[in-house]
Amino acid sequence: MTAELRDYSSVQTWLAGLREQSAADASGDTERLATLQRFCAFVGKDPDAIVRECLRDSDAGTKISIKGRRLYATKIEEFAQQAGDARARAALGSTLRSFLIHNGIFLQSAPLLR
Amino acid sequence: MEFKEVVGRRRSIRYFQPWRPVEREKVQVILEAARLSSCAINASYLRGIVVERDKLAPDILESLKTPVSGLVIEMAPLHIYFYGDTDVPNRGAKTLKQLVDVGALNATHGWSHKFVDELVFPMILQPMTKDREALIKAVSVDCGTAICQALLAAFDEGLGACLTAFVDGPVRQAFNVPDAWIPMWFMGVGYPAESWEAGGQRPRPPLGELFFDGKYGVPFARDEKVVEQLKEAKMIQAPAPLPWRKDEVRALARMFGLPE
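Line by line, the protein sequences are chains A and B.
Residue 97 in the working numbering sits at position 97 of the first sequence, with consecutive numbering throughout.
Residue 59 in the working numbering sits at position 59 of the second sequence, with consecutive numbering throughout.
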């Protein structure tokens, strides 16, 4: 990645969404960004490219790409496996899903504590 | 709970206590409320498949999830898949004559067995079964009425619930749904993991934007005295967002390992 992570528009959208819609303060940003950075290295893409891959153009405008969303949902699952226990895996996966969600990519995951 | 408070407390609950099952008696109350709803030609169109999530095989549960409703399907311990039975108008002559027999439809209003047999059934109900648009409209309206009663009953029982669309194919396959049934709504039911306020009463358009007095364009005027009475009766409640809602959602996200 040539630019600082915070310079990517998708990262700015994410952090703004976290502040405005999820009331998350900046104290967790360092960890969030480090997780995203490691995920970007894992998939070999920068943040904007990841978001672009989850979208597609259509005659009606921009739509979510089912193929792209499925790909990254799977990649997030794979990436999260490196964390220790179920809670840590969920936290890691949720950070990355949050990045995509605030960029308009609808995603859900299974809850803990079944 | 008084009726007005039940209406006031109902809001879509999207966080359930996944570990806490819904008592069978409460399920029955929900279904009884739906059964007693108003229905055209006295024909009950609504059908429902009640499913306990924890009795589903994992592959079946997975197949029922949609991108939008997957989390509610996963969290709600009780699922009700509501359908509308499009075959019901074919039985309309019988159900209408039941209303004549019990004194609900009377000669005072022009009703008789002969009117039902010779006019209503052949001229209205039978043709309706061949007009798909009219049939779906009739079935959907009555199912919506019944589902609403089921929904309110769930809240009256201290439960939470959420209505959402579902994908018919996997549900039909998993639960042996008859061909004549058309999909209506999925209702996830359970004990709320969020507070009963769920952040406050949801925003709605002003009364006068929705309802008109005498003719379209004349807003139905809202009497503030009535508003105060409804607040007193807890039908109109504190509007969303309550000041602590975002903190509540963040706590829920952390508890369930969900994204912020």
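Read the hints as simulated data drawn from the structure, not as lab findings.
Be careful, since some hints might not be right.
Here are the simulated lysine-lysine pairs, DSS-like style, with alpha carbons at most 27 Å apart [unchecked claim]:
| # | chain 1 | residue 1 | chain 2 | residue 2 |
| --- | --- | --- | --- | --- |
| 1 | B | Lys4 | B | Lys231 |
| 2 | A | Lys63 | B | Lys65 |
| 3 | B | Lys65 | A | Lys75 |
| 4 | B | Lys246 | B | Lys26 |
| 5 | A | Lys67 | B | Lys65 |
| 6 | B | Lys94 | B | Lys114 |
Only a predicted model underlies this, so the values are computations on that prediction, with no experimental measurement involved.
Status of each hint after checking the structure:
1. B/Lys4 to B/Lys231: holds, 10 Å
2. A/Lys63 to B/Lys65: Holds, at about 21 Å.
3. B/Lys65 to A/Lys75: The hint holds at about 20 Å.
4. B/Lys246 to B/Lys26: Cα-Cα ~31 Å, so violated.
5. A/Lys67 to B/Lys65: OK: A/Lys67 and B/Lys65 at ~17 Å, within 27 Å.
6. B/Lys94 to B/Lys114: holds, 12 Å
This entry does not satisfy hint 4, going by the numbered hints stated previously; all others are met.
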